[in-house]
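Residue numbers (numbering that gives the first Met the number 0), protein chains in the order written: chain A, 0 to 285; chain B, 0 to 331; chain C, 0 to 651.
Treat the hints with care, as some may be off.
Said to hold, decoys possible - Have a look at the derived ranges for each label pair, beta carbon to beta carbon:
# : chain 1 : residue 1 : chain 2 : residue 2 : range
1 : A       : Leu-138   : B       : Ile-120   : 35 to 43 Å
2 : B       : Leu-135   : A       : Ser-88    : 32 to 40 Å
3 : C       : Lys-561   : B       : Ser-46    : 26 to 34 Å
Unchecked claim - Here are the computed lysine-lysine pairs in the DSBU-like style, where the Cα-Cα straight-line distance is at most 30 Å:
#  : chain 1 : residue 1 : chain 2 : residue 2
4  : B       : Lys-183   : C       : Lys-207
5  : C       : Lys-291   : A       : Lys-45
6  : C       : Lys-399   : B       : Lys-81
7  : C       : Lys-407   : B       : Lys-59
8  : B       : Lys-59    : C       : Lys-172
9  : C       : Lys-441   : C       : Lys-407
10 : C       : Lys-328   : C       : Lys-399
The set of hints was computed from the structure by calculation and includes no laboratory data.
Note that CB positions come from ideal geometry on N, CA and C, so glycine has one too.
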Amino acid sequence: MKIIKDLFKYHLSFRFGAIILLLIFLLATLSFFSPYEATKRRVVPKNEAPSFDYIFGTTSLGQDVFWILTFAIRNTLIIAGLAVLIGRSIAVILGSFSGYVGGTTDRVLQSIVDSFIVIPRLPLLILISFVLKGELNFLHLALILGFLDIAWPSKRYRSQILSLREQEFTYTAVFSGMNTFKVILKEHFPFFIPYLLADAVSGFLWAIGIEITLAVLGLCDLTTPTIGTMIYWGNYYQALLMQRLWVLAAPVITSIFIVVAFYLISTSLSEYLDPRTRLKRLGTGG
Amino acid sequence: MNLLKSYFLPRLSQWLITILVGVTVTFILPRLLPTDPVERTLSTLSSLQTMDPRAVESLKEALEDLYGLGGSPFEQYINYWKRLIRGDLGPSMSAFPTPVIEIIGAGLPWTVGLLISTIFISWILGIILGTLAGYLPKNLWCQIMDKIFISIYPIPYYILALILVMSFCYHFQVFPLVGGASGKPEISWSYLSSILWHSFLPATSLIVGSTAFRFIMAKALTSTIIASDYVHYAETAGLSRWRIVLFYVIRNTLLPQATDLGLSIGAIFSGTVITEVVFSYPGIGYSLYMGLLQADFNLILGITVFSIVGIATAALLVDLSYPLLDPRVRYK
Amino acid sequence: MQNRSKFIVLLGLVGINIILLTACKDQTNTTKTTSSSKSQLPVDLPRQDILVVDQIFRYSVVENFNLWMPGIPSPTKQGLIMDSLWYIDQETGQQINSLSTASPRYNKDFTQMTVKLRSGVYWSDGVEFTADDLVFTVNNLKSNPGMLWSTELELFVKEVKKVDNYTVIFELKDSNPRFHYQFTIKYNGVWMQPKHIWEDVEDPMTFKFNPPVSLGAYEYADSDPSGYWELFKRRQDWERTTPGILTGKPGPPYIMSVFYGDSGRKAMAITRHELDMVQNVDYEAFQAILKKTPTARSWYKEFPWAYPNEQSARYFGFNLGSETVLSNKDVRWALTLALDIVDLQTEYIGGVARVTAIPHPASPPQMELYHTPLEPWLKELQIEIEEGIFYHPYDDAVPKKIAAWARKQGHSIPSGAEELRLLFGTGWWKHDPEIAERLLLKNGFTRNRNGEWLTPDGELWKIKMIVAPDEVEIYRLAIGAQDQWADFGLKLEIETLQRDPYYNRNLMGEFEAISSWSNASTGDATRDKWQAIFGLHSQFYTPIGKSTATTGSTNTLRVKSKEMDRIIDELDQIHPEDDRVVELGREFMKLWVENMFSIITISFKNFTTVDQYYWTGFPTNENPFVQPLYWFGGGRFTFQNVAPAAGNTPKQ
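Excised from the complex, chain A in its bound form (with noise of 0.2 Å):
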């Protein structure tokens, strides 16, 4: 909590991150109270361009941009949140494991993440939508995306512990006697969280980008407002050759905005949690 504050107070890229963040999470938060079902239409006059009435117009179905933007944000950080959660924390403990038993354990579990590497995601995510049939609602979708995203990242954990584990500090370490997880937890980490938030944000992204392509090619289910469908919906009744482009504005500008955020939160507290870079702060006078 204290640190929070500290952050708060000290840091201005992280209150920038956290603000947005926070309007984010209360637009998601509004969704609870939207005058309107989520899936309703004609309940506001059609195409109607941003105004005070609708702040960010109206759809070609006559609904309001605004609220479906609520359930659309709702949704989509509950897709990418638990995709990059689980994916994340399975590969964190995949990759850096790996890297650092090395040996047989190493090349045996690199067989296993190869064989998940080598088969081309987006195929399989098409087939497997296919293949389940009209089963993949969001939260399906979160845990597929999730379990599809380990293998890439788990690849870079582990290239990354190998460079760290070749670090001076490391044998310093392992010479006075500290364990495993003990060098893990107090060498490696600091320099691996700037690394893993980075990538976790690269992950979300990852996430909502893959959630849109579904989208677009028609593979998710459309009905259930995101990011991603309410492009898709904007694109299937032509808000660029139309120009409504509020339609495409909202959910666009809104996603850069909850990465944008993440992105920000997550490089000021690798800079607060990492110890050097702090230190070189405090010593060039920050």
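Since chain A is already given, all that's left is putting chains B and C on it; use the hints.
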């Protein structure tokens, strides 16, 4: 000799196992689809023309025969390997009797050309800019660059591509709407320049996003490196900034970046459906997508085999080259 | 306007591009290109020599013209380079005698068919088309199962004999008054093979027939290895082909089919004047075309614009293959009466289609044959809503109501009843939720406190409908039904699927409800309903879980009806020219309507759009002399009539 035995051989066998498992999985998965190639062909036909129902049953049998779908799945599996080893990917079923290799041959050069060049360009650009931004966090230009990239990065690829098409094919009718080149394929300036011209928008769309990604990665990696002792020493020793960036910082972030590069190059064989669809650009991605939708077992496998071998080989090469890139990693 | 731009700029993180879009919003390119402007088309030919048509999909196979193999894409090109004995013009319903000079002559018991062939028709390599080619084609296909029409010909033909160079006799295995349908082209049919080429082919299945020896007015010139386009060149001797002979017109020097992508991209291509003829675009894209391209139009010059005569209709179907609440026809009638067709056709479809209450397309010739004669019966039709209480569900005021809506939108609409029927169809079912309610109550349904319906078992009533958003009308009608049934207290859950899984689920019968088309409501532009309904016969009945595609059934809804079998059996035995054919067709439609096997909503409509910037001579509502469906086999006659627009002088 020892090195060969203890390092190369295990990795080589790992490579083989990976391919074996990958192919097996892609052999099994499409067969779980709720449809099969014969059913697909028949349903396409019935949507196009009135078929006499009395004749459908025998057509179905004839097609099963033609597509090589007789026999148990296990027999089909064994046969597939036999053919694969001979380099025969079999006929496409949705486009029977066209050999799968022909379909791949038509699309692959476009995909490989587009993706290899964009991957390299964005990799180099991203690393250089990202490292600079990480190394000089106080520099104004670096900060502006940082803000731009971080705002571009989250734009969904599909939207970015659409905006490019709308802007430069519709509002400003600068670039062509369809295809990869114009004119007859030949080694001439006009043909080659038309390839560049046609690929400009798709390439831009791909480069923008991945440069931003690489930039952010490189910046994050750099920020940990610059705190290292050796950078400190270098700075204290009064080495020039360029030297430090090139030889100390970039060199030390190269390992994970090279892994990524290798893997993304290996992954190009499955193509990019969205790029092809939005820009009407030729390539292998759309064929694979249609193959999946039409349960074209041979086509799915054919393209995926390329992808599997591609990624596995890339991973192998990356593994083998670790010691070259990072002298601190020793063969163990 | 001002506000919007400001708002966008404020939000503008994607700013640069959005500003670009807004800034150059009205910049259109309207200067007509001079004689040899270089276009951005992928071929090095003067733009004014090429008629560019919309290729309806990206080909996965190129440079293979063996259109006798399943899997080789055929649209457009089958019309340009292939030929067969007869065509049915999909607009006028007339038979066109192509390679044959007259209708087929059958013997009394329909076991023998005699065909007279046209003389003076030549293959593109200079050889004359004769009876030898026809006889060879039939025998060649018969001996290669796996090729198209092979199993049909094997099933029906005992022997095919050449009498002289222009006369052929088919000896049939069984009585078959519709054998000539194999050679009568709507989209596709038995195409002729040049004997002098194919007789030397060792494996006809893998033979690519490239370059194809053409029997049309065009020959193959070039194509994109990636399947985006194909180019055809007018034959020097186009006057020695049936399109040339029958129309006497040359057609454009080149015809090129290009796949541009989705509706939005097609609209862009039209605006760039790089596409002259489009199969279909969605409503919004069409509006964008109208706004930006003054030379572009569809079938009608004004509202309702779209081409309304393609031979099929849309429906909401229910899976009748297993026993559910929907197996009860009263329930299906209740669902029908809970729909408001005027709202559906206007708010969701844009008012641009004809409604149809019977399973048949409402094109003018067909309305004359079926819709109008059946109208007195429809008005008389009663359904029993409670013991002994009857109700007339038909409403012939629907076209008027749609017209009223259209006038409110600012369109000028004629007021004559006949004109309105031609624009919006004859009539549909009343919107009467109260009657629907009584029908449900009669069958044990109840409402809960929130007004939602409970099934007779006391469970909340939900229907799950599969839909492919790609199929624009299918989706828009479905969401309309969802909204209207929601007001009625019924929850319709829509499951969106990509096109291919959607087709698959439809054929397998894996759905509770479906928004779809075709099925019993297809037409062939002829008076004969046989092709659309023969596959509904119970001998082909396919249980749920097995694809109807593999059994030849067209009964995806799994309808069971003895009465229907009787109609089909009788129809099957009589010649299509027999007057009883129309009577049986009407009987079938009555049966379908009484049981409400599926809720037929609107006839097909296509925004088949043409740009008259470079070319003219396209069929329109003012001059409907030929089908605009150029991608069908009969498109060969459509193309032949296309001529340079004023100011466009082709170089060739």
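Against the structure shown, which of the earlier numbered hints fail to hold, in ascending order?
-> 6, 7 and 9
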